[in-house]
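A.B. asks: As a plain string of letters, each chain reads:
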Amino acid sequence: MSAVIENHHDDHHHGPDKGLMRWVLTTNHKDIGTLYLWFSFAMFLVGGCMALVIRAELFQPGLQLVVPEFFNQMTTMHGLIMVFGAVMPAFVGLANWLVPMMIGAPDMALPRMNNYSFWILPFAFGMLLSTLFMEGGAPNFGWTFYAPLSTEYAPPSVTFFIFAVHLMGISSIMGSINVVVTILNLRAPGMRLMDMPLFVWTWLITAYLLIAVMPVLAGVVTMMLMDIHFGTAFFNAGGGGDPVLFQHVFWFFGHPEVYIMILPAFGVVSAIIPTFARKKLFGYDSMVYATASIAFLSFIVWAHHMFTVGMPIAGELYFMYATMLIAVPTGVKVFNWVATMWQGSMTFETPMLFAIAFVILFTIGGLSGLMLAIVPADFQYHDTYFVVAHFHYVLVPGSIFSIMAAAYYWLPKWTGNMYDETLGKTHFWLSFVGVNVTFFPQHFIGLAGMPRRYPDYALQFADWNMVSSVGAFIFGFSQLLFLFIVIKCVMGGKKATDEVWDGAEGLEWTIASPAPYHTFSTPPALPERATA
Amino acid sequence: MTGTEKRDQGRSGYLIGLKWLIAAIAVGSSWSVLADWSALNMTQGVTEISREVYDLHMLIFGICVLIGVIVFGIMIWSMLVHRKSLGHEPATFSHSTKLEYAWTIIPIFILIGMAVPATSTLRDMYDSSNADIDIEVRGYQWKWQYTYLNDDPAQEVKFMSSLLTPPDEFYNRAPKREHYLTDVDNPLVIPINKRVRFLITSNDVIHSWWVPDFAVKKDAIPGFVHESWAVVEEPGIYRGKCTELCGKDHGFMPIVVKAVEQDEYENWLAMKQQEAKDVYETVGKTWSMAELMETGETVYAQHCQTCHQANGQGIPPAFPSLVGQGMAIGDLDAHVDIVVNGKAGSAMQAFAAQLNPAEIAAVVTYERNAWGNDVGDLVQPREVNALIVAKE
Amino acid sequence: MAADQNVQSKMTLKLLGVVVGMFVFGFALVPLYDIYCQVTGANGKTSGPYIAGAPLEVDKDRWVTVQFLANNNANMPWEFRPTVRTMKVQPGQAYSTVFFASNPSRQTMMAQAIPSVAPFHAAEYFHKTECFCFEQQELARGERIEMPLKFIIDPHLPASVETLTLSYTLFDITQVAASAATEIPVS
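Protein chains in written order, with our numbering: chain S, 1 to 532; chain W, 1001 to 1392; chain X, 2001 to 2187.
Because the hints were derived from the structure by calculation, they are not lab data. Everything hinted at is true.
Here are the computed lysine-lysine pairs in the BS3-like style, where the Cα-Cα straight-line distance is at most 30 Å:
hint : chain 1 : residue 1 : chain 2 : residue 2
1    : X       : K2060     : X       : K2128
2    : X       : K2150     : W       : K1158
3    : W       : K1158     : W       : K1272
4    : W       : K1194     : X       : K2060
5    : X       : K2088     : W       : K1194
6    : W       : K1194     : W       : K1258
7    : X       : K2150     : W       : K1285
Among chain S residues calculated to face chain W with C-beta under 10 Å, some are:
hint : residue
8    : T308
9    : N336
10   : M346
11   : H382
For every residue, glycine included, the Cβ atom is placed at its ideal position computed from N, Cα and C.
Given the sequences, and given the hints that come with them, work out the whole structure.
C.D. replies: What follows is the structure, given as structure tokens:
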């Protein structure tokens, strides 16, 4: 591809440029993957600090540390940073690193656009984080920014929030177009779609979802901008608009968004479990169809986030049935992972521990999601900690664990060094216990009646809140151990083989560890094992 | 990773110990809470609907637990038995169309089993038949307003319901009492066994009115009205919360509903209606110029004349003239303000303490139109009331 | 290689087209939602002025209670109330009632009344032949006004609806009307 060989004449150099400009100008998918991953780790720690401010305040009843206005900024920014700054860029980073290698391509299809896609993000998040220091404070209306709280009653920083969202959206859209074009055009000859590793499939489908719904998010924040600054009344009842319209348009984006945050996780886990069970992924075809079904269904269930908004009964029933239906393909995937493990020959290295914990804990989150789908019951759960527990189960021991699993699994390939297995397992157990101690009690306080986004609470919620806060600090500080493990692995360690893991399949395990700067400059001949 | 297994065994003792220690801390810290069931689960509530919702919740929860136990049980069994360290060789199967059909179709039947009772309960909730009492519930930043709809506006009971817990308690300067953050100054009072219809809306941003014991939760949306209803079967005090982020004091606008026997309700309502009538007579009603001038003249004679004289000319400089000069013919807002709040450092008192809003409105109107002033404007008692309330 | 690049460019452009299309779709959701609500009354919004086709048959066996609510939004200072709190009406029959409004503030103000019906699905059966909510209301300082509402309830109102509440919220649009100087669409 001429675009790849363009300016650095790398066939004459032995590797990439030295110095900082390498990172600024790189069009190499491995470099860009690394940039995304480190950026997302930094955002994860920032968002994590905000979570710890929240949990520290909620450790006891009363306002000890922060005032309610600032607490609302913390909950809002924590959500925005984690969703748009940690989870999504981490998955894009994994896509960048892995997709070209998994399909036997030399790089992404649009390498320069790849560079732009990444570098927009530090600007976007710099702008977003700077709102904390602006007059009126950072956005304080929840990461779901409902109107009119976010339009007529918002702090001045709302305009910067809107611009930051636009930038993040542009980055995601460009990244997704890149993924689609890469996967559809650059597969090694002979690799049919149904031969691709499941991680590539999940990213292909995720990329389509992103292309479809990020523009709708851009639309809704543009409408907000117009309502705030240009006198329109999309969401203002006084001008003939409707605040509920905001919710419909937002969640039309928002629901596919949560599937965007989980489908790549499904792909990661579908790569790891077969390796450590030494057994092929069970039901590959079924897994592909299930992923596609989940993606399709994700477009038509959005109003299950709005059951108390006063929709007519026909609407409520339709959305209840459609949402319940998503449990079917999701269940199929879980059963297929279990069937992969069944009668395998398992070992439990760190990636496998995270992957198994994913299956169990994500399923718990999925089951609480099923409970939330039941409308009459949802009237008692909606906007309480039961919802907070549900989405944290699917996002933290769900998405985040899968990202950690991926990091442990592929770090040897990226760096050429094995990570420290004992430390890895320690990190796992601390995280596993931490995450459950933090979020399991939140089911209880939600059922007992504590609403979300509350800086203070009635005395009957005190005990479980204290437990949850203890768990949050355990989980939070364990991530410093993870940081240590990653840095230690990058800097050295036991040398990794090409294959790294006994039982690993896929083109990335046929090349050296660390992976050379340019791989598959000529397409590989596909061995039997490259087909999933 | 066969190579590290020996190293693993050495470290495994330490890891196992660490795991149990952390788990013990977690369980130990939560043991105290297990004794109190109400800290763990949804309330059954005090209406037929709330009990239906609770039963539905327990049914779905039970099914989910069962599914979890089965699936995780199989996984844990597999992890214990199908391990390389026990010498188990991996099988080679990787698909089964029959299984795929089975675990697609069986869940569909389970879901239908959940959807049927859910649909039935939802239909019970959507009921627009006539109610015995209609109450408008209006969300404000950051309190609730309740209006008992009545054909006679003079007897319409309307009041604000705000958090009673003082800031000293939430800023940890005073100990937190029993109903910390869940008590209000004016609870909503309703009779038991009567159908109460709630008409829910908002004054500003989106709020949400939730009383768990009734299983009623409806968003309060500015410009729109929603209905919900409840038939409460047991007398008692039921506490609820605002459940939609609405700004800084979202966590500080609780709901308290007091359900009482019919006769107690009627007594309370009658008392409230009398209060409403009294206020209406003075404040809510719209007064004519003639009424204001007549009352104003009487008030002036009783409260103002001693200083400002019967002819309004006063005894300057201590007691200014009100004729043809100053605020009496000028800024109306300042005029009302000085009567309500007085003037510090002078003999002009704050008459809000002595006169009701109707008397103040009347005397200000009188002063502006008597003695040839003839300014022509008048002040309504409710405007004076708004000023007094705003300053509180 | 060139052919590959051509394919890639075409695909990229197609995907960009999808992006633009979805952005437009997001905005298209606005009128789509409006139409959907008008047709089904889904958010309790009543439609514009009702012009009867054939005269409606009065349902002499049925009485529906209509309640009127009137509120100010945010800091709107006007006095605003219905003259009658409830009416018992028969579907198909035309009725009229009056709302009071007055502007006790010190300046001329412009207001917009926004109607909302509960239960929502009754909205499409509530026909207004004349309503003060169809226009903006301007009142000078101290001015008072009586605002008429003429309505007919459609005989096809579902039998399950025995009480219908019509709530008006009065919004202060003085600033908006001054700066925009355009018609604010009211549905």
